[in-house]
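One line per chain: the protein sequences are A and B, in this order. So the first sequence is numbered by our numbering: it starts at 1 and just counts up by one. So the second sequence is numbered by our numbering: it starts at 157 and just counts up by one.
Do not rely on the hints blindly, as some may be mistaken.
What follows is a list of derived Cβ distance ranges for each label pair [what the hints assert, rightly or not]:
# : chain 1 : residue 1 : chain 2 : residue 2 : range
1 : A       : Q149      : B       : T295      : 50 to 58 Å
2 : B       : D276      : A       : V104      : 29 to 37 Å
3 : B       : T163      : A       : A151      : 50 to 58 Å
4 : A       : N117      : B       : Q247      : 22 to 30 Å
5 : A       : P115      : B       : D276      : 37 to 45 Å
Partner residues aside, some chain A positions facing chain B, computed with beta carbon under 7 Å [claimed, not checked]:
#  : residue
6  : L33
7  : Q37
8  : E39
9  : L60
10 : Q64
11 : G70
12 : S126
13 : V130
14 : M133
Output of the computed footprint for chain A on chain B, the stretches with three or more beta carbons under 8 Å from beta carbons of chain A [as the list claims (entries may be wrong)]:
#  : stretch
15 : 188-195
16 : 225-231
17 : 269-278
Source of the hints: derived by calculation from the structure; they are not laboratory data. Quick caveat, the model's predicted, so the values are computed rather than measured. Glycine residues also receive a C-beta, built at the ideal position from the N, C-alpha and C atoms.
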Amino acid sequence: MSLREVTTDDLPDVYDMLVELSIFENMRSEMTLSSYQFEKDFEQGYFRGFITKLPAGMALYHEQYHSWKGKVLHMSDLFVREEFRRRKYGMRLWTAIAKVAEEVGADHFTWSVLPYNKPALCFYHSVDGVTKMTDVHEYYKLNRDHIEQFAADSEN
Amino acid sequence: MPLRVATKDDIPDLFDMLVELAIFEKLDHEVHISREQFGRDFEDGCFRGFIVIDDETERPAGMVLYHYTYDCWKGKTMSMDELIVRPEYRQKRYGKLLWAAVAQVAKEREVSHIMWDVLDWNKGAINFYHSVEGVFDTTKDNEGFLRYKMSKEGIERFAATI
Numbered sequence: 001m002s003l004r005e006v007t008t009d010d011l012p013d014v015y016d017m018l019v020e021l022s023i024f025e026n027m028r029s030e031m032t033l034s035s036y037q038f039e040k041d042f043e044q045g046y047f048r049g050f051i052t053k054l055p056a057g058m059a060l061y062h063e064q065y066h067s068w069k070g071k072v073l074h075m076s077d078l079f080v081r082e083e084f085r086r087r088k089y090g091m092r093l094w095t096a097i098a099k100v101a102e103e104v105g106a107d108h109f110t111w112s113v114l115p116y117n118k119p120a121l122c123f124y125h126s127v128d129g130v131t132k133m134t135d136v137h138e139y140y141k142l143n144r145d146h147i148e149q150f151a152a153d154s155e156n
Numbered sequence: 157m158p159l160r161v162a163t164k165d166d167i168p169d170l171f172d173m174l175v176e177l178a179i180f181e182k183l184d185h186e187v188h189i190s191r192e193q194f195g196r197d198f199e200d201g202c203f204r205g206f207i208v209i210d211d212e213t214e215r216p217a218g219m220v221l222y223h224y225t226y227d228c229w230k231g232k233t234m235s236m237d238e239l240i241v242r243p244e245y246r247q248k249r250y251g252k253l254l255w256a257a258v259a260q261v262a263k264e265r266e267v268s269h270i271m272w273d274v275l276d277w278n279k280g281a282i283n284f285y286h287s288v289e290g291v292f293d294t295t296k297d298n299e300g301f302l303r304y305k306m307s308k309e310g311i312e313r314f315a316a317t318i
């Protein structure tokens with residue numbers, strides 16, 4: 001299954017999927033970013049991402065910073081279209097970003113997940129070292145040592 | 157004007173103040189980054205900051221750091237980190253000066269909001285942040301940190317005060 005880095009040409013599809021995600025979460029009115037600004041911000045390097053073929057899904061990420069620890073990689077959005085779920089696209093998208101976290105030498109990798117997303121929760125809890133940071137909005141993180149272990153294991 | 161943009165020559169002072177803040181927060185055991193790595197990350201553009209040099213003593217009195225983040229529903233956002241004024245330099249409005257400087261950058265970059273964390277027992281900091289309009293707290297994590305945000309409107313109003 002092919003997965004590749006998001007390019008400028010993918011942005012209309014990525015933006016559409018963000019809109020679909022906001023509708024899915026019942027929060028369409030919260031998404032105020034225009035597609036025009038979204039594309040400008042991508043060109044200026046504010047975020048990066050991966051996209052699957054079709055496209056079935058995408059995941060976006062950007063670097064943050066923790067003054068006590070160093071670089072942090074944060075996955076801001078992961079979405080797989082309904083008709084393509086249960087085919088491990090989500091897992092592969094998350095894994096691709098975990099590998100970027102390793103490549104950039106991030107101290108840890110963070111993301112959030114909806115509390116009722118049972119398949120995702122099941123997958124995340126199966127990864128060694130994943131910890132839950134908050135009880136609201138379900139923020140999760142994975143530290144550097146476990147990122148390296150996961151990246152090494154997923155090569156096999 | 158005691159406030160200026162932090163440069164790489166300020167790294168030793170910035171790092172010292174960062175450690176002082178962590179000690180105050182009783183979390184200095186969580187500071188894993190070395191001074192050298194902190195300096196390298198600054199040179200790589202991972203974060204920026206402002207420093208205040210006290211008028212009278214000409215010593216570093218305080219600092220604030222910030223970095224950009226991204227919210228795919230709102231656009232560019234900013235995280236404000238390590239806002240500290242050394243105890244001996246309080247009551248000189250350096251805290252507001254540092255915070256407003258970050259708000260000014262946020263306004264110029266047209267960010268959607270600024271966010272930062274405060275320990276839930278740090279009443280002094282909580283009162284300080286609530287003294288400015290446009291601030292609201294959102295979530296609390298498992299380590300006792302409250303997540304605060306300042307809206308775009310709050311940023312515009314506050315930046316105008318600098």
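Do three or more residues from the stretch 269-278 of chain B put their C-beta atoms closer than 8 Å to C-beta atoms of chain A?
The restraint on the stretch 269-278 of chain B is violated, since only 0 of its residues have a Cβ under 8 Å from chain A and three are required.
Go ahead and decide if the range 37 to 45 Å is satisfied by the Cβ distance of P115(A) to D276(B).
With Cβ atoms ~22 Å apart, the hint is violated.
Going by Cβ atoms only, is E39(A) closer than 7 Å to chain B?
With Cβ-Cβ at 11 Å, over 7 Å, it is violated.
Interface hint compliance - S126(A) to chain B, C-beta minimum distance less than 7 Å
21 Å, violated
Evaluate the given range 50 to 58 Å for the C-beta pair formed by T163(B) and A151(A).
Cβ of T163(B) to Cβ of A151(A): about 36 Å, so the range 50 to 58 Å is violated.
Does the hinted range 29 to 37 Å hold for D276(B) and V104(A) at CB?
32 Å, holds
Let me know if the C-beta of Q37(A) comes in closer than 7 Å to any C-beta of chain B, holds or violated.
6 Å, holds
Using a Cβ cutoff of 8 Å, are there at least 3 residues of the stretch 225-231 of chain B near chain A, or does the coverage claim fail?
Coverage by chain A holds for the stretch 225-231 of chain B (7 residues, Cβ < 8 Å).
Verdict on chain A covering the stretch 188-195 of chain B, criterion of 3 CB contacts below 8 Å
holds (count 4)
Take the shortest C-beta to C-beta distance between G70(A) and chain B; is it under 7 Å?
5 Å, holds
Next item in the hint list is L33(A). Is there a CB on chain B closer than 7 Å to its CB?
5 Å, holds
Can Q64(A) be said to touch chain B, with a Cβ gap under 7 Å?
5 Å, holds
Of the numbered hints given earlier, the model fails hints 1, 3, 4, 5, 8, 12, 13, 17; all others are met.
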